[in-house]
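Enquirer: Sequence:
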Amino acid sequence: MPDPCVIGVDLGGTAIKLGLFSLEGVLQAEHQRPTPQPATPGAVCMEIVEAIGVLDPDGRASVVGIGLPGPMDAEARIARVCINLPGWEEVPLAAWLEPRLNRRVTLANDGNCALVGEAWKGAASGFDDVVLLTLGTGVGGGVMLSGELFTGHHGAAAEPGLITLFPEGPACNSGNRGSLEQFASITGLQRLGADDPAALAAAASRGDQDALAIWDRYGELLGTGISSLVYLFTPQLVLLGGGLAGASAHFLPAVRREVMSRVQAISREGLQIKACALGNGAGRLGAARLAIQRLLPSAPPQAG
Numbered sequence: 001m002p003d004p005c006v007i008g009v010d011l012g013g014t015a016i017k018l019g020l021f022s023l024e025g026v027l028q029a030e031h032q033r034p035t036p037q038p039a040t041p042g043a044v045c046m047e048i049v050e051a052i053g054v055l056d057p058d059g060r061a062s063v064v065g066i067g068l069p070g071p072m073d074a075e076a077r078i079a080r081v082c083i084n085l086p087g088w089e090e091v092p093l094a095a096w097l098e099p100r101l102n103r104r105v106t107l108a109n110d111g112n113c114a115l116v117g118e119a120w121k122g123a124a125s126g127f128d129d130v131v132l133l134t135l136g137t138g139v140g141g142g143v144m145l146s147g148e149l150f151t152g153h154h155g156a157a158a159e160p161g162l163i164t165l166f167p168e169g170p171a172c173n174s175g176n177r178g179s180l181e182q183f184a185s186i187t188g189l190q191r192l193g194a195d196d197p198a199a200l201a202a203a204a205s206r207g208d209q210d211a212l213a214i215w216d217r218y219g220e221l222l223g224t225g226i227s228s229l230v231y232l233f234t235p236q237l238v239l240l241g242g243g244l245a246g247a248s249a250h251f252l253p254a255v256r257r258e259v260m261s262r263v264q265a266i267s268r269e270g271l272q273i274k275a276c277a278l279g280n281g282a283g284r285l286g287a288a289r290l291a292i293q294r295l296l297p298s299a300p301p302q303a304g
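The sequence shown begins at 1 in our numbering and counts up one residue at a time.
By construction, these hints were calculated from the structure, which means they are not laboratory data. Careful: at least some of the hints might be erroneous.
[As the list claims (entries may be wrong)] Below, in silico cross-link-like pairs of lysine to any residue (SDA-like), each with a Cα-Cα straight-line distance of 20 Å or less: (1) Lys274 with Phe127; (2) Lys274 with Arg294; (3) Lys274 with Gln236; (4) Lys274 with Ala201.
Just need the whole structure built from these sequences, with the hints factored in.
Expert: Here is the structure:
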């Protein structure tokens, strides 16, 4: 009989990324498909069911962890709100999926999933105090303090993309104005004059001065937001993940420069700021890890 496995799913605004993992976190198979447009709850639910059927047709995994862009309820079964997905309010996604998958399901914030993945097998391994930002369609993230995820009073804490950067800035789907997300997401990058992030990164790699200037300004804005987060949490490590982090070589110098200029020395003592080690795979790995912890409590503990 094949060894037991677990499925991790990372639901984003443009793609659904899935991985089939051993209980030790070794990737066995993977699958990716576009997120339905519009990404309504029903359409996404059926897409996940179909995708898991492709990924694990033999039913090797008995549990599924799913990362979503928003907070969950305390039982990790209801998506409370996903501000960049239409119609996502109080969606009982786990209850919808379980009878269709014949597997148990747990939900988590996608930023928390990315942080758990990086803490297990990536750049946050060995760190106790970490802030992670995911830079993509939106800006999510997670916070780990003293080795534990910080989720706040109702489980909705650690939404770093929704802090205010400019009070009179563009409206945010959260109800805020001028949030960090409006400047550090793909949409924010496009506001600076970049139609296609991949093309902008390629141009910067060729030494195009206009492209390099856009990435530098993007890094300044992101670094301004990160400075506030550093003052709040004084982390050992700030990690940047998500699709835009692949171009981090072009904007990390500006991020670090901005944090150095804005944050007093004692609050950034020993601070490291760098890209995630697992790339876009961190979210699905972390979702799988949370499924193991929550739904397979008899599984042996794994090394970080």
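Enquirer: Would you mind marking each hint as holding or not holding in the structure?
Expert: Hint-by-hint comparison with the structure:
no., hint, result
1, Lys274 with Phe127, "13 Å, holds"
2, Lys274 with Arg294, "29 Å, violated"
3, Lys274 with Gln236, "11 Å, holds"
4, Lys274 with Ala201, "17 Å, holds"
Checked against the numbered hints above, the structure breaks only hint 2 and satisfies the rest.
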